[in-house]
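Q: The chain contents come next:
There are 2 protein chains.
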Amino acid sequence: MVTSLYEQLRDHIRNEQPVGLCTVIDGPNVGAKMLILPDRVAQGSFGNAELDRIVARDALAELEAATTGVRHYGPQGQTTPEDLADTVTVSVFVESFSAPPQMWIFGAVDFTAALAKVAKVLGYRVTVCDAREVFATRRRFPMADEVMVSWPGQLFTDRGNTLGPRDAVCILTHDSKFDVPAVLGALATRVGYIGVMGSRKTHERRMQRLAEAGLTAPERIARLMSPIGLDIGARTPEETAISICAEIIARRTGRTTPSLRDGSGAIHS
Amino acid sequence: MVTSLYEQLRDHIRNEQPVGLCTVIDGPNVGAKMLILPDRVAQGSFGNAELDRIVARDALAELEAATTGVRHYGPQGQTTPEDLADTVTVSVFVESFSAPPQMWIFGAVDFTAALAKVAKVLGYRVTVCDAREVFATRRRFPMADEVMVSWPGQLFTDRGNTLGPRDAVCILTHDSKFDVPAVLGALATRVGYIGVMGSRKTHERRMQRLAEAGLTAPERIARLMSPIGLDIGARTPEETAISICAEIIARRTGRTTPSLRDGSGAIHS
Numbered sequence: 000m001v002t003s004l005y006e007q008l009r010d011h012i013r014n015e016q017p018v019g020l021c022t023v024i025d026g027p028n029v030g031a032k033m034l035i036l037p038d039r040v041a042q043g044s045f046g047n048a049e050l051d052r053i054v055a056r057d058a059l060a061e062l063e064a065a066t067t068g069v070r071h072y073g074p075q076g077q078t079t080p081e082d083l084a085d086t087v088t089v090s091v092f093v094e095s096f097s098a099p100p101q102m103w104i105f106g107a108v109d110f111t112a113a114l115a116k117v118a119k120v121l122g123y124r125v126t127v128c129d130a131r132e133v134f135a136t137r138r139r140f141p142m143a144d145e146v147m148v149s150w151p152g153q154l155f156t157d158r159g160n161t162l163g164p165r166d167a168v169c170i171l172t173h174d175s176k177f178d179v180p181a182v183l184g185a186l187a188t189r190v191g192y193i194g195v196m197g198s199r200k201t202h203e204r205r206m207q208r209l210a211e212a213g214l215t216a217p218e219r220i221a222r223l224m225s226p227i228g229l230d231i232g233a234r235t236p237e238e239t240a241i242s243i244c245a246e247i248i249a250r251r252t253g254r255t256t257p258s259l260r261d262g263s264g265a266i267h268s
Numbered sequence: 000m001v002t003s004l005y006e007q008l009r010d011h012i013r014n015e016q017p018v019g020l021c022t023v024i025d026g027p028n029v030g031a032k033m034l035i036l037p038d039r040v041a042q043g044s045f046g047n048a049e050l051d052r053i054v055a056r057d058a059l060a061e062l063e064a065a066t067t068g069v070r071h072y073g074p075q076g077q078t079t080p081e082d083l084a085d086t087v088t089v090s091v092f093v094e095s096f097s098a099p100p101q102m103w104i105f106g107a108v109d110f111t112a113a114l115a116k117v118a119k120v121l122g123y124r125v126t127v128c129d130a131r132e133v134f135a136t137r138r139r140f141p142m143a144d145e146v147m148v149s150w151p152g153q154l155f156t157d158r159g160n161t162l163g164p165r166d167a168v169c170i171l172t173h174d175s176k177f178d179v180p181a182v183l184g185a186l187a188t189r190v191g192y193i194g195v196m197g198s199r200k201t202h203e204r205r206m207q208r209l210a211e212a213g214l215t216a217p218e219r220i221a222r223l224m225s226p227i228g229l230d231i232g233a234r235t236p237e238e239t240a241i242s243i244c245a246e247i248i249a250r251r252t253g254r255t256t257p258s259l260r261d262g263s264g265a266i267h268s
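For the protein sequence lines, the chains are A and B, in the order given.
Quick note, the first sequence lines up with residues 0 to 268 if you use numbering that gives the first Met the number 0.
Quick note, the second sequence lines up with residues 0 to 268 if you use numbering that gives the first Met the number 0.
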């Protein structure tokens, strides 16, 4: 059984396909393993169907974020046992073998550093891109994995095919010379989230420019979260970063939450 | 004018009252200042009423978070000008003279480190508290400002009077021996946010225990956000941290957002 799991693990790693491995490191069944593959039923068991289900669910989420760590469960998979100290605890090492998800942030503006910081906590590989070389510097964004002085069209041409459903494009520029090509570039990819910052007035003007550039199909427009973020009354750059990341999570898990896009009131009270 | 502002600034700092100072550091009116006090109209002007209003709003939010930094605006306070590079930009240095807001996290569990990390980005002074000394260690929570091995009652007795509307208490323990005194301790303070983690089942059991301990008044129960967090389908500790911080922001700004507390469905899909 373990041999078969390791062979599959090896094959997925060799083929650069995301794969997770969960191992009991403390509690009953130490050494028991489960193999986690996206869009497939987990293989292996920790000896309790509910525990298996909960661990597989959590490990799949960790795999999407490409994060690795130890999680603790009750014997039937309780993540919230009544009294963790008094019950048998199963400690599970969750390993993700996967490239991290990507977040591309366009615009080296007041909100960029805070968003990059929160995105790093969530496990993203963060790229900051701006055409203005005095603004797009490593010194201003030490937390980013990559800072690029580039027009968005170029970045999408070079690497747009690396973006997939786990990834996010956040356009914070407010400059139509920059954000129109960024939106059109993002829409040509399979990226899972496209958010565009701006007041409601900026949003209206931008949609006008995008229409002039040929963006009229409702199903393409529906992919844009604009104005970007959940409607939580965010004011500081840090609060705005939380509202954006909360929207990304809610969209990915299919929750119905009040996005700024779907409202009409003032963004700030 | 500037003399009067500085005198007020000095007095507020001496009296340990939160106060903010905004200074134009680039653009028209370099050196112009505005003084920001909570619950009062800002003093001073940057020469445009709308610019003054927006800067005062942003500075007040920065003051709540006790953060300091540079923000950029259009000449009429546009945070999202059509083309920031081409218009006159006003650079404002926003200084907050204030103790940082506090977040007390009870429970050294799988979710604690991620919440502490996100709270640090938002400017909180983070205290992690657990009665179990093998779990509550600085090594496990290097990002916290303080790790305490203590029962919650003791911490609230010693320092509960330092908590106010900007502060947050997050109870992640799931252990009624620990979370019942933590909830009761938090309710005896002026803290602005009290969140309690758990499944819907754990929540029911906990409310039962709290009722037995004398918590029956609806207006006191209404202060509890339990289960903790916005309903965004968070799964990993990092996603859960975002859902908690998004709820704190939304509650503070008075937005109507779908908190887990106000729903009834499964927390995880």
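Think of the hints as simulated: they come from the structure by calculation, not from any bench.
Note that the coordinates shown come from a computational prediction; the quantities given were computed from them, not determined experimentally.
Glycine included, each C-beta is placed from N, C-alpha and C at the ideal position.
Treat the hints with care, as some may be off.
Claimed, not checked - The following label-pair restraints were derived from C-beta to C-beta distances: (1) A/Pro37 x B/Arg131: 49 to 59 Å; (2) B/Val40 x A/Gln75: 54 to 64 Å; (3) B/Val40 x A/Glu15: 57 to 67 Å; (4) B/Arg158 x A/Gln153: 46 to 56 Å; (5) B/Arg222 x A/Arg219: 57 to 67 Å; (6) B/Thr255 x A/Gln153: 41 to 51 Å; (7) A/Arg137 x B/Pro141: 19 to 29 Å; (8) B/Arg9 x A/Met206: 27 to 37 Å; (9) B/Gln207 x A/Gln7: 39 to 49 Å.
As the list claims (entries may be wrong) - In silico negatives: residues of chain A with every beta carbon more than 10 Å from chain B: (10) Arg124; (11) Thr136; (12) Thr156; (13) Glu211.
Q: Taking 57 to 67 Å as the stated bounds, is the beta-carbon spacing between B/Arg222 and A/Arg219 within them?
A: violated, 45 Å
Q: Can we trust that A/Thr156 is non-interface, i.e. its beta-carbon lies farther than 10 Å from all of chain B?
A: holds, 23 Å
Q: Could you let me know if the closest chain B CB is still more than 10 Å away from the CB of A/Thr136?
A: For A/Thr136, whose nearest Cβ neighbour in chain B is about 15 Å away, the distance exceeds 10 Å, so it holds.
Q: Tell me if the beta carbons of B/Arg9 and A/Met206 are separated by a distance inside 27 to 37 Å.
A: Given range 27 to 37 Å: violated, Cβ gap about 49 Å.
Q: Taking the CB of B/Gln207 and the CB of A/Gln7, does the distance hold inside 39 to 49 Å?
A: holds, 46 Å
Q: Note whether the CB distance of B/Arg158 and A/Gln153 lies within 46 to 56 Å or breaks it.
A: At 54 Å between Cβs, range holds.
Q: Should the hint that A/Arg137 and B/Pro141 are 19 to 29 Å apart at their CB atoms be regarded as holding?
A: At 24 Å between Cβs, range holds.
Q: Do the Cβ positions of B/Val40 and A/Gln75 conform to the proposed distance bound of 54 to 64 Å?
A: At roughly 58 Å between Cβ atoms, A/Gln75 and B/Val40 fall inside 54 to 64 Å, so the hint holds.
Q: Per the hint of 57 to 67 Å, is the separation of the Cβ atoms of B/Val40 and A/Glu15 within bounds?
A: Holds, at about 59 Å.
Q: Can you tell me whether the CB distance of B/Thr255 to A/Gln153 sits inside 41 to 51 Å?
A: holds, 42 Å
Q: Determine whether the non-interface label on A/Glu211 survives the test: each CB of chain B must be over 10 Å from its CB.
A: The claim holds: A/Glu211 sits with its nearest Cβ about 15 Å from chain B, beyond 10 Å.
Q: Over 10 Å to the closest beta carbon of chain B is the bar; see if A/Arg124 clears it.
A: A/Arg124 clear of chain B: closest Cβ-Cβ about 15 Å, beyond 10 Å.
Hint compliance for this structure: hints 1, 5 and 8 are not met, and every other hint is.
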